[in-house]
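In order, the protein sequence lines correspond to chains L and D. If you count by my numbering, then the first sequence holds residues 1 to 308, one letter each, in order. If you count by my numbering, then the second sequence holds residues 309 to 532, one letter each, in order.
Bear in mind the hints are in silico, worked out from the structure with no lab data behind them. Bear in mind the structure is a predicted one, so any value in this text is a computation, not a measurement. Warning: the hint list may mix true and false statements.
[As the list claims (entries may be wrong)] Okay, derived cross-link-like pairs now, DSS-like style, lysine-lysine, Cα gap no bigger than 25 Å in a straight line: (1) L:K113 <-> D:K506; (2) L:K273 <-> L:K197; (3) D:K478 <-> D:K506; (4) D:K427 <-> L:K113; (5) D:K427 <-> L:K152; (6) D:K478 <-> D:K336; (7) L:K297 <-> L:K213; (8) D:K512 <-> L:K197; (9) L:K213 <-> D:K504; (10) L:K235 <-> D:K315; (11) L:K2 <-> L:K213; (12) L:K197 <-> D:K315; (13) L:K152 <-> D:K512; (14) L:K197 <-> L:K152; (15) D:K497 <-> D:K512.
[Claimed, not checked] Now the stretches of chain D that chain L is said to cover, found in silico as 3 or more residues with beta-carbon under 8 Å: (16) 392-399; (17) 415-424.
Glycine included, every Cβ here is placed at the ideal spot set by N, Cα and C.
One letter stands for each residue in the lines below.
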Amino acid sequence: MKAGSNLERLLRSGQFTITAEFVPPATGDRGLIERQARYFKGHVDAVNVADNMGAVVGTASWAVSRALLDLGLEPIMSLVTRDRNRIALQSDLLGASLLGIRNVFCTTGEHQKFGDHPEALNVYDIDSVQLVNAVRGLSGSGKLLGGAVCDKAGPFFVGAAANPFGDPADFMILRLGQKVRAGADFIQSQPVFDPEKFGHWVRLAREEGLIEKCFILATVMPLRSAREARAIHEKRRGVEISQDIMTRLEGVPEPEQAREGLRICAEQMQALKEMKGVQGVHIMSAGREEVIPELIKESGLETARARD
Amino acid sequence: MIIAERKPIKELLEMLVGHDHVLLVGCKGCVTVCNAGGVREVGVLASALRIARRRQGRPIGIDEMTLDRQCEPEFISWLEEPLREKGYTAVMSAACSVGPQYIAERFDRVAVMPALNTKFIGGTLEHGVWAEFCRACGNCGIHNFGGLCPITRCSKGLLHGPCAGSSGSKCEVRPEVDCIWHLIYQRMKNLGQIEKLKALKPAKDWSGYWSGGVRRVVREDLTL
Numbered sequence: 001m002k003a004g005s006n007l008e009r010l011l012r013s014g015q016f017t018i019t020a021e022f023v024p025p026a027t028g029d030r031g032l033i034e035r036q037a038r039y040f041k042g043h044v045d046a047v048n049v050a051d052n053m054g055a056v057v058g059t060a061s062w063a064v065s066r067a068l069l070d071l072g073l074e075p076i077m078s079l080v081t082r083d084r085n086r087i088a089l090q091s092d093l094l095g096a097s098l099l100g101i102r103n104v105f106c107t108t109g110e111h112q113k114f115g116d117h118p119e120a121l122n123v124y125d126i127d128s129v130q131l132v133n134a135v136r137g138l139s140g141s142g143k144l145l146g147g148a149v150c151d152k153a154g155p156f157f158v159g160a161a162a163n164p165f166g167d168p169a170d171f172m173i174l175r176l177g178q179k180v181r182a183g184a185d186f187i188q189s190q191p192v193f194d195p196e197k198f199g200h201w202v203r204l205a206r207e208e209g210l211i212e213k214c215f216i217l218a219t220v221m222p223l224r225s226a227r228e229a230r231a232i233h234e235k236r237r238g239v240e241i242s243q244d245i246m247t248r249l250e251g252v253p254e255p256e257q258a259r260e261g262l263r264i265c266a267e268q269m270q271a272l273k274e275m276k277g278v279q280g281v282h283i284m285s286a287g288r289e290e291v292i293p294e295l296i297k298e299s300g301l302e303t304a305r306a307r308d
Numbered sequence: 309m310i311i312a313e314r315k316p317i318k319e320l321l322e323m324l325v326g327h328d329h330v331l332l333v334g335c336k337g338c339v340t341v342c343n344a345g346g347v348r349e350v351g352v353l354a355s356a357l358r359i360a361r362r363r364q365g366r367p368i369g370i371d372e373m374t375l376d377r378q379c380e381p382e383f384i385s386w387l388e389e390p391l392r393e394k395g396y397t398a399v400m401s402a403a404c405s406v407g408p409q410y411i412a413e414r415f416d417r418v419a420v421m422p423a424l425n426t427k428f429i430g431g432t433l434e435h436g437v438w439a440e441f442c443r444a445c446g447n448c449g450i451h452n453f454g455g456l457c458p459i460t461r462c463s464k465g466l467l468h469g470p471c472a473g474s475s476g477s478k479c480e481v482r483p484e485v486d487c488i489w490h491l492i493y494q495r496m497k498n499l500g501q502i503e504k505l506k507a508l509k510p511a512k513d514w515s516g517y518w519s520g521g522v523r524r525v526v527r528e529d530l531t532l
């Protein structure tokens, strides 16, 4: 065990693990965070706390992570490199350590053009691979990127994102390799709507010897309607929704499409559980946390927490 | 070269409020090449401003002059005589922003205005279209990326490959632009250098960029 988080314990013990994403609203109201948290408690093994998701201002991921800890939930604190330079990022990591946060998820973050402050100045001082490396440095040797030694932070269980659907496909595997070598312990993918293509990526990753070095969690996303599916397919690059899914959604009347989307997602979760090399699913509910309990029930999967 | 474009006439007219006798100074350097501030553009701009002011009922006198370059003190000194003898209350500089700053430093009793927005260091894509190629980070490493610059040409300046938004070989932020990482990957493949992309790159040293006020280059062999 490295960081000793519940997430690490579950993954290392070979249990299928369920995480879900929480996009904190912009609020100073702890009560609101607590009310949202009830959709996770007892349902998932760990909660990704987004860091200004979509470049839209939300409450700080470290603060919300701490609030979740208080509620008996296990947070995975996200950090994006868009908004902070290496000094601020490392400072936040030390702070997270102080607050008892043990899982960290490192990404670059969506460009500010897509958020609520498109005119903001971005930072991108370091990239996600370098951030993973920074977390490993702080966590392992207590070394800052600049070379100075500080008190060890964490230890952290380090996550990173991967895009199995980008092209060229071999470049996507190369990217995964970079993140693993930089020190990523677990990977959460882009949303999977094409299990075949995803399976191919997992096979390539296995051939490269990367599956033994990190845990792969496949991301799933319940779709609300055929219209939403089409919008995601067309507008969100890197996410392709298969024709099969589109046809299924369009095949039911509009008021029932959300229910059908949930069913599709639950089936995907079952299928991914059977996929070799995949050790968990990550639910991206795009701000609709209330569907999580029902989705997990529908999938028939149980989280370790629920089993305990 | 430095790419610039003319500010909107409306903005220039607002700057000129209260001035009736102005010298408009062009530059024969970069901004001539990118059709923003050479002799011809100065002529067109001066006419447009005169007409607009006449319409406003507040005619303005605008003389035109174009220097060989505005980023050299020697050429700026050519403005001394006209400024002394013609009594201009303002100089409008159609150069990159080095020009108006040099003029302002040299002449402390004349208002100085920029006619152009200085955009970036770039090149010509096609006639009338320019794009950015260099962010002048002061520490060029493009040999690591097949001779292409991800610092400038990736919307996030990433050093290890594309972000998740890049599939389809186009940039998510600017869909009309190729994802530079696709071009880099292709180049590296052609060069047989894919291994180079696997290497972890240290956090970039930005100290030659925007971190300590004015950057300077001194060539001892050229100093007097």
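Results for each hint:
no.: 1; hint: L:K113 <-> D:K506; in the structure: violated, 29 Å
no.: 2; hint: L:K273 <-> L:K197; in the structure: holds, 16 Å
no.: 3; hint: D:K478 <-> D:K506; in the structure: holds, 22 Å
no.: 4; hint: D:K427 <-> L:K113; in the structure: holds, 19 Å
no.: 5; hint: D:K427 <-> L:K152; in the structure: violated, 44 Å
no.: 6; hint: D:K478 <-> D:K336; in the structure: violated, 36 Å
no.: 7; hint: L:K297 <-> L:K213; in the structure: violated, 31 Å
no.: 8; hint: D:K512 <-> L:K197; in the structure: violated, 34 Å
no.: 9; hint: L:K213 <-> D:K504; in the structure: holds, 21 Å
no.: 10; hint: L:K235 <-> D:K315; in the structure: violated, 33 Å
no.: 11; hint: L:K2 <-> L:K213; in the structure: holds, 14 Å
no.: 12; hint: L:K197 <-> D:K315; in the structure: violated, 49 Å
no.: 13; hint: L:K152 <-> D:K512; in the structure: holds, 23 Å
no.: 14; hint: L:K197 <-> L:K152; in the structure: violated, 40 Å
no.: 15; hint: D:K497 <-> D:K512; in the structure: holds, 24 Å
no.: 16; hint: 392-399; in the structure: violated (count 0)
no.: 17; hint: 415-424; in the structure: violated (count 0)
Of the hints listed earlier, those the structure fails to meet are numbers 1, 5, 6, 7, 8, 10, 12, 14, 16 and 17, in rising order.
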